[in-house]
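**Q** Two independent chains are provided; combine them into the complex using the hints.
Chains as they are written, first to last, in the numbering used here: chain A, 194 to 986; chain B, 3 to 350.
Heads up, some of the hints might be wrong.
[What the hints assert, rightly or not] Below, computed lysine to any residue pairings styled on SDA-like, alpha-carbon distance capped at 20 Å: (1) Lys-539(A) to Thr-165(B); (2) Lys-43(B) to Ala-73(B); (3) Lys-539(A) to Pro-155(B); (4) Lys-337(B) to Glu-732(A); (5) Lys-539(A) to Tyr-167(B); (6) Lys-9(B) to Ser-44(B); (7) Lys-539(A) to Glu-149(B).
If you're looking for bench data, these hints aren't it; they were derived computationally from the structure.
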Amino acid sequence: MRAPLSWIRDFTPLPDDVAAITDALNHLGLEVEGVEEPGAEINGVVVARVLEVHPHPDADKLRLVDIEFGVGETRVVCGAPNVAAGMLVAYAGSGATLPGGFMLEPRTIRGVVSDGMLCSTRELGLGDDHGGIMDLDAALEPGTDICEALGLDDAVFELSITPNRPDAMSIVGIARDLAAHFGLPFTPTPGAEFDAGDGAVPVEIVDAEGCPRFTARALSVRLGPAPDWMQRRLTLAGMRPISNVVDITNYVLLERGQPLHAFDRHRLPGGGLRVRRAGEGETIETLDGVERALTAADLLVCGTDDVPQAIAGVMGGAAAEVGDDTTEIVLEAAYFDPMTISRTSKRLGLRSESSARFERGIDPNGVLAGSDRAVELLVEHADARVLTGVVDAYPTPIVPPRVTVRTDRVNRILGTSLGTAEVVALLAPLGVECEADGPDATTAVVPTFRPDIEREIDLIEEVARRLGLDAIPRTLPSNPDHVGGLTAAQAQRRLVADALVGAGCSEAYTLSLLAEPLVAPFGYAAVDTVTLTNPLRAEESVLRPAVLPGLLGAVAFNAAQGNADVALFETGHVFRRPVDAVLQPDERDHVAITIAGTRAGRPHEADRPVDVYDAIRAVDAITDALRLADVRLEAAATPGLHAGRTAAVIVDGTVVGHVGEVDRDALAVHGLTGPVVAAELDLGALLGATRLARRYSPPSRFPASGVDLAFVLDDAVPAAAVLATLRTAAGDLLEDVRIFDVFRSEALGEGRRSVAFALRFRSPERTLTDAEVGEARTACIDAVTRAHAAELR
Amino acid sequence: MNLEEAKAILTQAQADAEATLATADSLAAVDEVERTYIGKKSVVTSVNEAIKGFDSADRPEAGKAIGAYRAAVIGAIAARRDSLAVGEAAERIERERLDLTLGARGPERGHLHLITQVQRELEDVFVGLGFQVAEGPEVETDWYNFEALNFPPGHPARAMQDTLYVDLGEQEQVLLRTHTSPVQIRVMEQRTPPIYTIMPGRVYRRDTLDARHSPVFHQIEGLVVDEGITLGDLFGTIDAFTRAYFGPSITARFLPSFFPFTEPSAEFSVTCIFCEGSGCTVCSRTGWIELGGCGMVDPNVFRSVGYDPEQVSGFAFGFGMERMAQIRFGVDHVKAFFDDDIRFLRQF
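Isolated chain B (complex conformation) (with noise of 0.2 Å):
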């Protein structure tokens, strides 16, 4: 073998294994290709044990030529591979194919009641002004539901609520909270000033269940006590929380009303979140939904805890959370709240 031949061998060798390569369908075969083109039998070997015969000026041209040989089957054979792998990835991938839109295996998430929602976000808020949360009992003595909120026996403004009362102790007595309020008095028994708190809890009243009533419903109450508390701080954390909950265009506006646990009193609206104050039927064209009442808190309340009216002042207020989420949601009927239909409970 001399030069001339040795570069034939190696110029036919390379076009055979091009051409063997161009029709291996799998990596075994590529496999196959690498052990008869580059391999211990390969015209690579050959070539090489020939070299030594050659005269030595004829030597590096002949390994030039071995070298170009195989960078040039071992790049084809590379490049085959490469993509018959990936072809074989798509294939498994194809295989395993499964169709996702067919959704989650196992139980759906379930909602929180609206009530128990809106009730969140309000305790949120208050929390961030620096609101504590208190509870109590929902079955109640006169004392804490009425009297000690300066409610004396046979007052006209007993007449406003309508009692439901219980079979324990004397007669009217014990009965079912009417609002939230009497957690007011015993906070204050409680704690000793200052108090921010709110008091979110369910209330009972003498009412059948349709659409704009229910016996059962829920309010939340909040208390300040502190000293030098104003009218104009009751305003102001109203004002606040009103831009908090409802957004920045959103505000307040009091009108003088009556309730005996405090004086001054106040009911409370908002401007309606609908029509923003230009009317609409949701606040009957009048630019403000009336959400809850509120005042600086009696003195005779003050009393009756052995908290002195000239010490401290403070105020109260409260709404009703059926009548927040109605506003908010357009919740048209209040009985929707304790059907429970799984239908109103997903909505939200």
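Next up, chain A with everything else stripped away, as it sits in the complex (with noise of 0.2 Å):
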């Protein structure tokens, strides 16, 4: 909403200082966005008559012109061409300054002194056009200033108001609450009454639940463009003046926010109104001349002969619309069901200043004030006759609603100290009646421009803004009996993230939002995934299902960047359709690792590609972190990831996700030719696994024994299950047991390997002997040579 200073000072009279009104209306909630002054940077400049216009002595495209401004006459060179004698100017002399500080001296152009010049639209910042000098309304004075002539002197407040308030979408709405801050007298002028005239106009409400109130009149016209102080106020108001018929509407819409619609009451058959709801498929060409289908929810107001007219409250039709050749004119304005219009408006995608109030609630009971402002100004500039009385169809009058509003709990809830008395006096200047109801409540009797206003509550945010924010004491609540902290789950996320940032990885955020040929590659199909209803665009259509095919697009992001080498990790929330009838998706928390490129060892070792194994690492860390009790790897296979390089990370005997190398089909989604190792755990089933044990256990103070096995294993038996067996047949003596080598060679042959296992043996009681570490070791023998068929090397 653009209000002009000027026109809210029609209602109240305000201050000049901008900046305080600026505050003002902040303090007030209607927020202010910008403010515009066009007048503000322009000093000097007055309106001028040309009178006499002669060639430059020395430049064909130059003339001098000589003017007059009142007090005065000299000569200026000009270049415009549309430059000509009598007509009235804009004229900056010697000391004017002109938008962007520029200030005026004479100077000589060709041989000529200039003794200033006359001004484009351009040059004043009043708009683009400098294809020549402003001509102005010859019924201007010579000698007036400028801002004055063009009521530049002015300043716009750029209002972004809150869709609880439709009364400030109107300048007077503004103005009572301007008013009621600076303690001023509020004077919303009354419409004139008029002649009834013969006859009416006849209306029909068919669905008075979607239309409560409607009011017609009809008047004779002369068309013609509007009075300039009107056109300039729309256009400071952000409208495009039209004509004074379709101006006026304008203005009352904007100055009283009640919209108005004047259709051609000669192209209106039968010269009547009826208020129906569309029929299913039923069609109106509107004024944007858009053929727009309707639905049984839309309301329209149509002619006698039941033809749309116009779409109730959003816009009028092309057929009635009023032209230069219209004499007569049926004036409607009404008060619509805002839900109505509301859904109306958003199906069809059309939203118009009508619109927009309506559905937010006008007055139902200022309709036929708005009505009789816009016959006011009807007589005054259109010359305009009343041909019938107001006609208006209100069957069940809205009554203003009565509510009790308890001191006490204006108190309680604002946390301040005020009277009755003070509270009463808070809401007057709203239009707030209030009733005594005993010492310690009142009765408000809320007026129905404030449609916001419904509940106690509601009068105790009205007495809050009156009273202003900053005059709330600060407090903090009393209650000591609340202890604030994460829970395990919170703590132990943060833990997860900084273990994997130790382990050289770097958080990523990706959208959750994907493209379906990201998800395709890891064999999520359409039955699995959550699709948007809505998508802006198709590659934030598929809500993810997995973190990874997102954090690979972070990978080939960097990639394009010349970074190929990332380590990266997102932790989020991820989404499968939901099993039987539940509404809302299987939502986890996962989180995803991704290492892509190459290690860098340099300068200490030599680089190499990223493995497998170093995404391993970066599970380990996270399960090492979270000192979790049972996991372990099993070879498996999953789509998207590399089916001879990744395995199952088993937690507590379940799979909770998976570990490898990405696959080709996968990584060429994103451009990428790899190597990407990754991992994807869903996070909620870490947290909720089995932790090792926190328990004191002493260090044995006894020597340990070591001993070192190598076995040739045929490659099907992973690493894991020689490590259990040697785990069990060890026995309690085995104090840590771990891989040391892994080699193949020729004489071993195809698909065998040797894998070396270093065993330490100790007991927290006694030295071992070499005949209970000898035992040991022949038992492991024994074990894994018989479980595994493998070979002591």
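**A** Written out as structure tokens, the structure is:
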């Protein structure tokens, strides 16, 4: 909503201080997004009359112009093609300043002194037209300051009005709030009374739910332009002047918040109006020339013949549009049901100044005043004559609600200590009449132009707003009985992220919305995924069923920037279609890791391509940080990962995710060639898994005995299986076992490898004898050779 | 051998020992000097033997001369040994010297995303103020995202938030939450007052990813429900948070606003952290930076979770974490948070 200060001043005598008014508007909740002061930078420019135009002695395109500006005459050099004797122009003499801080002084142009200049629209910062100088209204008086002449000494407040304040979508509503704030009188001029005229416009409300009130009257008019001041105000408010009749309806809309519609009476079959719901599939051509298809939810204003003439409250029809040849109009002023207008406007994608007001709720009891105001202006500026009395169809008048306000409740919500009289005094200037209701309460009669006020709490808000939020004492909740903290899961999620950061991975945030082709290589079909019904772009139409597909996008983005070697991780929600009749998706917390390109070893070691063992290290960083008790890897296959280089991560016997090398197809979608290794785990499952016990056992003081064993194993035998066998066979004395070497050779043969294990034995009670260690060693060898068809090397 | 001869022998031997030591360039050579001049076959032994044949009157003086000799030679040997040992240690150090400025072995540490860092800082401040942290699903029903929060169907306030819907349930029944506020409803449903909770999380709007918009962003929301909570408590709490997070010179300002789920509602701004209120380009010369929205929990919201608004009152507040990060760290492009450019991630 753009509100010119001069217009607001029609209703309350505001001070000149634009900054103070801006501040007041903000403190009233009418947020100022910008203030325009078109004349603020123009100084000393006056209206002048061109007396004579002479050729320039030394330039074809320049002319010497003699002008008169009320208190004197002078000569300027001018290059504008449109300058002519008798014309009224904007003259900037020596010492005048123009937008941009440009100050004029006499200068010599091609040998002739020019005492200032004549201005174009662009030079005054009023538009882009630089084709010639401004041709001013002939009625202006030479010598008048241009800002006064053009109404530029005004400020336009650009306000962002919240949807609860339809009243503030009008100059009058803004003026009411400001008058209350500054303690100034507020005088909304009533519309004049008019002769009833003969007869009436036939009006029929078929749908009273959609249209609680409808008024109409007929007038004769003379089409022409609206007066300059009105055009100027409309322009400042952001509307384009069209003709006096149309401009007046717009003017009243802006001033009173009452949308009006003028139909050409001769193009309105039967000359009357009928308000009804549309038929399913019924169509109307609206003012903008678009054919609109309607549904039974839409409300129409039709002619007596039932042919649609307007989409009620949204936009008029083309058929009975007011045009140059219009001589009589039917003026409609109505109150439509906000929800009906909102639905229609939203469904048609058609928002107008009118629908924006109806859908928020205009004042049903201000309808006639709006119509009267329009008639007053039509009589004055369009030679209008009232042809009929007003028809006011208002079957069930909407009465102002009465709401009890308990003073104690006000203070308990706001933390204030106001008395009842203070509450009443704060509410009164808003048009809220308060009736005494005992010493501790009041009954507020809420004006119908404030549909947002229905309850006690709404009036408490008004009290706070009037009081000013700065006046509310700032306190802290007095109850000390609440302890802050993170839950175990929240603290451990931090731990997981920190562990990955420590392991060299950086955290990425990718969009949770993906393109279908990105998830396809990972085996997710449409039956698994949740899809948006109204995506803005196909690239963001599927809710991610896993983090990895999007995270690969981040790898690809970095590769495109010349950073192919990145280690990234992301934690976040993933979504799969719910099973059974659950409404919401199966939504889980996942963690995914991608490590791409080359692992830098230099200068200490050689660089090498990343491999799956790098990904396992990152997985271990998580499981170690969480102290998980039972984690193992098992060869597995899953879509998107290399079938020979993938393992399932099994925690407490359940698969919680996979680690492996990303397959070529999945990389190709992102234009990557690899290698990229990755893991994706169900973080929720990890956080819920069994942890290592935190219990003390004293470290042994006795020496350890080491035993190294190397076995030749078939490739099909996983090292983890041999480790498990060794742990069982070695018994209680085994302190630690780990793999220290893997190699292949021709001698070992194809499909076989040697795996060497380092075992360490130790007793908590004594030094082990050679015989004890030897026994354990034999048991280990026997068990492994038997269980895995292995040979001891 | 008489006393005089013995003294001459010792003097000569001491001089020889000192001369040899001076040229000894290894600990082995010093050991040799020790054997020769102090050991069993040295002058010490031979003079001691000879003393036995001296006049008893001469013996003490001879003994003193031997003592003096021993002290002098042993001292010289020790001194030489020390100096040689120092040299050898220094030589080993030189031999084993490494250039540590080559830097570390192994992968560098990674970086937490800036939004995670901001979220943790905010969480920690509120935990210090006695708040717990709650979360909820990102795909919500219309009930939790709108209706329970006092957005009736068709309410114009719904148009303030461009919603993305998913293909579950009936048309426009299941959606991507447009704010973290549905978690308020879930927390109130699951618990009883007093409630002092913040709710960080990912939210969605129907927007294109560009410099100023993103279809995905992050909010943090606070909810307090207790007996006797006032608007003043809300303002005081936000003030306390502001000072704890930005510093003591930063205060909060409140202007009336509108949100369906709070009444009264306000927008809150903080003193511009760059100009401290004097006006600069960051704050458009207002001295204030708008952060978020807040207000007293609307009685209709309490009713939708079965709370009695006459028994308890409460407040809620919320703001965007990307915006917070943009303000604090001067990130001028929302898209930067989601590109995951490693050069961006490494900056924090």
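**Q** Check each numbered hint against the structure and report the violated ones by number, ascending.
**A** The structure conflicts with no hint, since it agrees with every one listed earlier.
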